[in-house]
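Q: Construct the entire structure; sequences and hints are all you get.
Chains as they are written, first to last, in our numbering: chain X, 12 to 338; chain B, 90 to 412.
Please note that a few of the clues may not be correct.
To be verified - As a list, the in silico DMTMM-like pairs of lysine to aspartate or glutamate whose alpha-carbon atoms are at most 20 angstroms apart:
(1) B:Lys-185 to B:Glu-170
(2) B:Lys-330 to X:Asp-88
(3) X:Lys-159 to B:Glu-367
(4) B:Lys-131 to B:Asp-315
(5) B:Lys-290 to X:Glu-280
(6) B:Lys-330 to X:Glu-314
(7) B:Lys-290 to X:Glu-281
(8) B:Lys-219 to B:Asp-231
I should point out that these hints are in silico values taken from the structure, not numbers from a laboratory. As the structure is a computational prediction, the values presented were derived from the model and not from experiment.
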Amino acid sequence: MNNQNLLEIKNLKTQFHTRRGIVKAVDGVSFSVGVGEVLGIVGESGSGKSITCLSILRLLPQPAGRIVEGEILLNGDNLLQKSEKEMRRYRGSRIALIPQDPMSSLNPVFTIGDQMATPLRYHLGLSGRQVSEKVERLLTQVNIPSPKERYKQYPHQMSGGMRQRILGGIGISCDPVLLIADEPTTALDVISQDQFIRLLKAIQVERRLSMIWVTHDMSVVSKVCDRVAVMYAGRIVETAPVDILFNRPAHPYTIGLMRSIPELNTGREELFSIAGQPPDLLNLPPGCQFAPRCEDMKPICQEKYPPVTMLDDRHSVYCWLKADHDH
Amino acid sequence: MTTETLLEVRSLKKYFPVTKSSLFTKETGTVKAVDGVDFTIKKGETLGLVGESGCGKTTLANLILLLEHPTAGNIRFKSREISGLQGKELWEYKAKVQAVFQDPYSSLNPRMKVRNLLMEPMAAGGIWSKAQQMERIGRLLDLIGLQERDAGLFPHEFSGGQRQRIAIARALGPDPELIVLDEPVSALDVSIRSQIMNLLKRLQRTFNLTYLLIAHDLGVVKHMSDWVAVMYLGKIVELAKSDCLYSSPLHPYTRALIASATIAISDRLQKEETLTGEIPSPLAIPQGCRLHTRCPQTFDLCLKEAPEFKEKEPDHWVACHNY
Chain X
12 MNNQNLLEIK NLKTQFHTRR GIVKAVDGVS FSVGVGEVLG IVGESGSGKS ITCLSILRLL
72 PQPAGRIVEG EILLNGDNLL QKSEKEMRRY RGSRIALIPQ DPMSSLNPVF TIGDQMATPL
132 RYHLGLSGRQ VSEKVERLLT QVNIPSPKER YKQYPHQMSG GMRQRILGGI GISCDPVLLI
192 ADEPTTALDV ISQDQFIRLL KAIQVERRLS MIWVTHDMSV VSKVCDRVAV MYAGRIVETA
252 PVDILFNRPA HPYTIGLMRS IPELNTGREE LFSIAGQPPD LLNLPPGCQF APRCEDMKPI
312 CQEKYPPVTM LDDRHSVYCW LKADHDH
Chain B
90 MTTETLLEVR SLKKYFPVTK SSLFTKETGT VKAVDGVDFT IKKGETLGLV GESGCGKTTL
150 ANLILLLEHP TAGNIRFKSR EISGLQGKEL WEYKAKVQAV FQDPYSSLNP RMKVRNLLME
210 PMAAGGIWSK AQQMERIGRL LDLIGLQERD AGLFPHEFSG GQRQRIAIAR ALGPDPELIV
270 LDEPVSALDV SIRSQIMNLL KRLQRTFNLT YLLIAHDLGV VKHMSDWVAV MYLGKIVELA
330 KSDCLYSSPL HPYTRALIAS ATIAISDRLQ KEETLTGEIP SPLAIPQGCR LHTRCPQTFD
390 LCLKEAPEFK EKEPDHWVAC HNY
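A: What follows is the structure, given as structure tokens:
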């Protein structure tokens, strides 16, 4: 891997203005993705993982969602300063998204071929034979048998696994530099999940693609990611290379998550569980958001958000228990 | 240990006709959702049922819950055939066999208060008076970690995990012996999942409950179950004690399932045994062994003959020509 960062996000804050108040969905998130690196973003629903991804693409639900602060730098270029017209040139070509739900992400009234052709026509300016040839090549790449026939079929004629692979094909169709996969395997069965992960990982390695892979499944993380960022209530609480995160998790939330997964090689004793519920984003506790559920909470945890602590040069954690000095 | 057999399922089949209606309705095919399934569950034990979607797990659950009627085969509850039950006996069976479903957002009626939700199955059982029902509600809520005052609230006032707790309390209401858990934790967040699993296990110990657990997460199944059955296209392909199934799986399908679910950092994406292709349509189940189109260990016999479901080792049943 190389040290050059393709994507750098600095202090991103995304909020939703609702009738009940302001929801701080992403509240000061900073991270980077290197060239050829797969960054996993892990967290529960409502932790802000998907909103972080949508912020990068500037696809937030309008008018409620807005990015209020921060920078999103792609090769040093701030995406937040682009016009809507310029952004359209980025989406699907330089930055592509593989969405979560293969059942609802494809349009049921257009053929697979039509839907795969759209970005090719728009971004690459291909036409006629070039388009159909490229679509067939893509279908072959994502392991869809008999691409010539599939080209003319509709989404409902295919299984969930195939539809997800087609979305993968659309994702890579215009040679993106950054591919964002937002829980791409959650809706799939274990076997099709495994097939999809292997396929996408192989493509990523071959093209040295940079990826952000959002998931809540630790076994997926272990298979595809180089580095992992753990999110809780709109913030990143810990970032580490994948083997360090599994062997030496530092944040109490990460530790709790790891211990509460029933693994295939453990016994049937009582599982560890994190007490309480994820916080209400409209009404976040002061200080560290995890404090009310944390077993080792100190008084300072409820007063101030902890500063970053570097456990080694690639392992950072936001926790008062790990901070070596009180600010 | 000799414990009473609570539920016995013998060569159970459920076929759904596929019709095409133009002017006249024509039967054009059959979906063999459940195609000859045998198993027993002993009292106080948990049988985990795993398989891909479309393999017939939920149809099997519906047959046991009497939401569907079998095409052939028997279901015996405490040695009594349930298909012929009528009147009072039928209601008794329905009270003794309860269910918890996957999605606590759609399985609780949004217009009913928690109190009414919990009372409904108790009232249907017809054993308790109104006063007794009210008293039981307090105890049930306490058991699942909610407070008595929560009885007056509506489902939308609770989080996903709390709603699933309410669904569990509702199932406990009529004092059941068997609870069918259809994907009870897959809609919940990771940190809430383990809370619900621990709750289910605690309740099982307290009330000596028997569970039929349907799930696709092998970790969850392993953690909860005494026995595990693996289903593929309407048939059970392997059945064994939980520890045994995970430590020495025999059937290629089980092996692929386990390989794909393992957390693997050290040996990332090695060429483990894996299946290729898609699950065939249940309208056109392959001849011979149903897995032969995707199996890495297929040989000529697999194409011709369906393997028998045999006890290969004590308490370890498998249907595969390789064994």
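Q: State for each hint whether it applies.
A: Against the structure, the hints:
For the hint pairing Lys-185 (chain B) with Glu-170 (chain B), the CA-to-CA distance comes to about 14 angstroms; that is within 20 angstroms, so the pair holds. Restraint check for Lys-330 (chain B) and Asp-88 (chain X): the C-alpha separation of about 58 angstroms exceeds 20 angstroms, so the hint is violated. Restraint check for Lys-159 (chain X) and Glu-367 (chain B): satisfied, since their Cα atoms lie roughly 18 angstroms apart, inside the 20 angstroms limit. Between the alpha carbons of Lys-131 (chain B) and Asp-315 (chain B) the distance comes to roughly 10 angstroms, so the proposed pair stays at or under 20 angstroms and holds.
The straight-line distance between the Cα atoms of Lys-290 (chain B) and Glu-280 (chain X) is roughly 10 angstroms, inside the 20 angstroms bound, and the hint therefore holds. Of the supplied pair hints, the one linking Lys-330 (chain B) and Glu-314 (chain X) is violated, its CA atoms being roughly 51 angstroms apart against a limit of 20 angstroms. The hinted pair formed by Lys-290 (chain B) and Glu-281 (chain X) meets the criterion: a straight-line CA distance of about 8 angstroms does not exceed 20 angstroms. At most 20 angstroms may separate the alpha-carbon atoms for a hinted pair to count; Lys-219 (chain B) and Asp-231 (chain B) meet this at roughly 19 angstroms.
In this structure, the earlier hints numbered 2 and 6 are contradicted, and the remaining ones agree with it.
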